[in-house]
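2 protein chains.
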Amino acid sequence: MRLTQWTDYTLRVLMYCAASQNRDQPVTITEIAVNHGISRSHLTKIVQELAAKGWLETTRGRGGGMRLLKSTDAILLGDVVRATETDFAMVECFDPAQNQCRMSPHCRLKGILSQATQRYLDVLDGVSLADLVPTSGTGLPTLPAGVDSIMKNGMHSGLES
Amino acid sequence: MRLTQWTDYTLRVLMYCAASQNRDQPVTITEIAVNHGISRSHLTKIVQELAAKGWLETTRGRGGGMRLLKSTDAILLGDVVRATETDFAMVECFDPAQNQCRMSPHCRLKGILSQATQRYLDVLDGVSLADLVPTSGTGLPTLPAGVDSIMKNGMHSGLES
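Protein chains in written order, with my numbering: chain B, 6 to 166; chain C, 6 to 166.
Treat the hints as calculated values from the structure; they're not laboratory data.
Please note that the accuracy of each hint is not assured.
The list treats identical chains as interchangeable, and a pair is accepted whether it falls inside one copy or across any two copies.
[Stated by the list, open to error] Here are the simulated DSS-like cross-link-like pairs (lysine-lysine), alpha carbons at most 30 Å apart as the crow flies:
{"no.": "1", "residue 1": "Lys115", "residue 2": "Lys50"}
{"no.": "2", "residue 1": "Lys75", "residue 2": "Lys115"}
{"no.": "3", "residue 1": "Lys50", "residue 2": "Lys75"}
{"no.": "4", "residue 1": "Lys58", "residue 2": "Lys75"}
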């Protein structure tokens with residue numbers, strides 16, 4: 006039982022933006038890609054989805070990048086995970102189209118697993134992005150050696166491809 | 006976020022045995038395979054693992070099969086899921102060998118996700134096999150047409166291959 010890589014990376018993008026919100030320059034995809042060792046194309050899709058949901062604003066070109074559109078207090082971990090995890094079908098009978106289990110009519114398993122999943126999400130609903138990342142700037146990841154110069158030279162700045 | 010198919014099928018085997026415990030004949034792999042449309046080889050591996058854990062006893066040959074070794078009250082859903090789900094690494098940083106996330110030292114995400122997972126398992130720890138399946142016999146799945154004769158003719162009875 007684990008969250009998808011999509012959820013994992015979405016959380017990292019949001020947390021990176023939250024930890025960077027007091028600086029002047031917007032966050033770039035390249036910056037997150039280099040910091041986390043995640044492909045730019047993968048991150049670009051995630052950022053596009055977060056922009057479509059109204060959680061990020063993005064600006065193109067040199068000096069462009071992304072910023073949080075909502076307050077870090079207003080982005081709840083439960084909402085993020087619900088938006089990114091498309092499959093909470095714990096076992097086969099959660100999906101009527103796929104279900105072949107003949108125990109379904111008198112089985113309590115589905116109800117129990119639904120209740121357990123709700124308890125899981127209850128914890129995440131009590132936590133915002135502000136709770137996860139210090140906003141003083143101390144939460145910013147340390148750039149690996151050599152990455153500073155890549156950023157300054159703008160090899161892949163902003164959201165351009 | 007979903008449980009593995011292995012967990013799903015393990016629960017079905019245990020629940021089938023629980024629902025059948027008042028009958029004379031032990032449960033056969035063929036019976037579960039036909040009822041649930043699961044391959045016999047897959048079920049054989051699951052039954053072997055459940056026998057190794059001391060939850061099932063198995064007898065070979067004609068008239069053989071499997072029975073629960075423990076009381077249905079003593080088999081907790083949480084213990085089953087912990088035994089079958091080998092991966093509770095919610096995100097990358099749960100596995101130090103795989104972790105490349107540079108936010109780890111000051112990030113609270115791992116702790117929050119661990120807490121949420123614990124709440125999930127807390128619900129399952131409060132439920133036993135006896136709670137899931139009626140033991141009066143009404144919980145027995147209905148055999149599809151024609152399967153009764155297959156059982157009686159012993160085409161694949163017990164645990165023999």
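Identical-chain pair category, Lys75 with Lys115, by Cα at 30 Å: Classified as between; 23 Å across copies, 36 Å inside a copy.
Can you give me the call for Lys115 and Lys50, within, between, both or neither, at a CA distance of at most 30 Å? between (33 Å within a copy, 24 Å between copies)
For Lys50 and Lys75, with the copy left unspecified, which applies at a CA distance of at most 30 Å: within, between, both, or neither? within (19 Å within a copy, 50 Å between copies)
When no copy is specified for Lys58 and Lys75, does a C-alpha distance of 30 Å or less occur within a copy, between copies, both, or neither? within (11 Å within a copy, 50 Å between copies)
Of the hints listed earlier, there is not a single one the structure fails to meet.
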